[in-house]
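Colleague: Order-wise, the sequence lines are chains W and D.
Heads up, the first sequence is in the working numbering, so the first residue is 1 and it goes up one at a time.
Heads up, the second sequence is in the working numbering, so the first residue is 1 and it goes up one at a time.
Note that these hints are calculated values from the structure, not bench results.
Each hint should be verified, as a subset may be incorrect.
Derived DSBU-like pairs (lysine-lysine); straight-line CA-CA distance at most 30 angstroms [to be verified]: (1) D:Lys54 to D:Lys309; (2) W:Lys309 to D:Lys309; (3) D:Lys309 to W:Lys263; (4) D:Lys54 to W:Lys54; (5) D:Lys54 to W:Lys309; (6) D:Lys263 to W:Lys54; (7) W:Lys309 to W:Lys54.
Taking beta-carbon pairs under 10 angstroms as the criterion, some of the chain W residues facing chain D (in silico) [what the hints assert, rightly or not]: (8) Ala150; (9) Arg192; (10) Tyr251.
Glycine included, each C-beta is placed from N, C-alpha and C at the ideal position.
In case you want the letters, here they are:
There are 2 protein chains.
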Amino acid sequence: MTGTAAIVGTGFVGRAWAIAFARAGWRARMWDADPSVPEAARGLIGELLPELAKNGLLGDASPADVAARLEPCRELETALDGVDWVQESAPERVEVKQALFRDLDRLAPDSAVIGSSTSSIRPSLFTGDLPGRRRCLVVHPINPPYLIPATELVPAPWTAPETVERAREVMLAIGQSPIAMARELDCFVVNRLQGALLEEAFRLVDDGFCGAEDVDRALRDGLALRWSLIGPFETIDLNAPRGIRDYVARYEGMYAGIHEDQKRRVDWSGPVMDRIETERRARLPESAIPDRIRWRDRRLMALMAHMRKARTELGD
Amino acid sequence: MTGTAAIVGTGFVGRAWAIAFARAGWRARMWDADPSVPEAARGLIGELLPELAKNGLLGDASPADVAARLEPCRELETALDGVDWVQESAPERVEVKQALFRDLDRLAPDSAVIGSSTSSIRPSLFTGDLPGRRRCLVVHPINPPYLIPATELVPAPWTAPETVERAREVMLAIGQSPIAMARELDCFVVNRLQGALLEEAFRLVDDGFCGAEDVDRALRDGLALRWSLIGPFETIDLNAPRGIRDYVARYEGMYAGIHEDQKRRVDWSGPVMDRIETERRARLPESAIPDRIRWRDRRLMALMAHMRKARTELGD
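If we strip away everything but chain W, and leave its shape as in the complex, we get (with noise of 0.2 angstroms):
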């Protein structure tokens, strides 16, 4: 399945989100407020797709046949002509997706689905008062998209079931991993998670029994080797001999005694915060924090390539 996508905002995510839909096939018509920024994304794009070709990461697809795909617009009007889909990357801030829902759902053909990448808002606070209010949720990358599969889908009240199924289909077709959520919910499913681990993680650092180096340690050599390949319920599916109901038996009353010290929150910029910027700067001075994002964007794009391939070797 492929077709138009109109992506809305062009800065780092809306770039992403242009690669991984013209990686698969789709057009990608891209608009920004600042009429100049989509010329230059398609520039930064270009810069970026030998390597993701170097790693296999464009299917069967050339940087030179994803760049075609390629249509910087100048009109938004333009831009959602006759388009399958749309995906805003626009500021965090309500007032702007509110201002800009209302000319994307004028604008859209009525086929077209909505989504919005934001990473906090409810879309019910900015789709409340649309005509085409059904046909508008939220999809949130987890950055960037094209190297991340994972992909939540966030329903409002109104968004029609038909909406989320569609977007189900889109986001599997394009190589997506799709999430999608009952109903809209503060910090959706990603982030809850990542901030359950987060709250133990600055706990057990303020309460002195490990730093935040061992910490770092017991995802990196630990838990997220077997959660990259299975997540954490397949993992436990897998740790008892008759499944997970077998393993909530032995466990659950050893989970349950530490939960009574997970009420109790710590101040993540209090004095522990002090303790882990010390250990952190140490590790790695802030003038050096670019140069390490660059090596991580290295080190995943080779994680997915070996992703990919141990797939089609050993099976999924």
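Chain W is fixed; fit chain D onto it per the hints.
Modeller: Coordinates of chain D only, in the frame set by chain W:
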């Protein structure tokens, strides 16, 4: 640094330790309460070594080199004679550990570190009355330690700091990633982090926001990809322009808001378990669990081979 390790208890965990020590050049004496088990364990390890070699996970050693370093012993006294390290992996019952540690402390050289593989018993509960309690601690692997490097070092109140430091050096020398806790705590670090995330996962499914597979996608295709490279603290340190303090200034309010909900515990074996089990068994019948575990281990082996290669080629 190499030496001789006594592997005490040669079931699944003990066998995995024998591999971890022997591939790093250590001699691994193997003893079990059932005297027929160590010979059988050597056979099982021998079957596994070629696949580890194929994935580059034996370092410079050949399967024959590693196998030649395994020494099944019938007598505990022989197994412990002159060793540098003792790794106990007996059944998880405190009275078993108490009785065994009395023998280990009596028979091992004064200079040897004595580690227990227990995943849940505080070391103070089975080392308190030993003359050599200063050199005893928990050395908890995330199974299997020849694939997953994270290893928790948990001291009792009387464990000497030099013991923890020596354990850290030995673990680094054999290629593990030590998490050195400052003092003991129920569930240690890894299971507390896992527990915190699982509590939120069960809550999300119980409240009907998403299914178990959605949670698995959120980690497998999302959070765990980054965490497997850089851990959760480095992840947020790289996710704001000026590092972790900047990230916390921007997002702590959001996380503090959801922590209120996270105080409410869901009974994992209540109605939510019916839903999760139905979903899991539809994806994986109980009879297919053993095959799936073998698949997981093959994928984990390939993943660790990738990580090793990527560290060499792209840095760490």
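Colleague: Flag every earlier hint the structure violates by its number, smallest first.
Modeller: Hint check: 3 and 6 fail, others pass.
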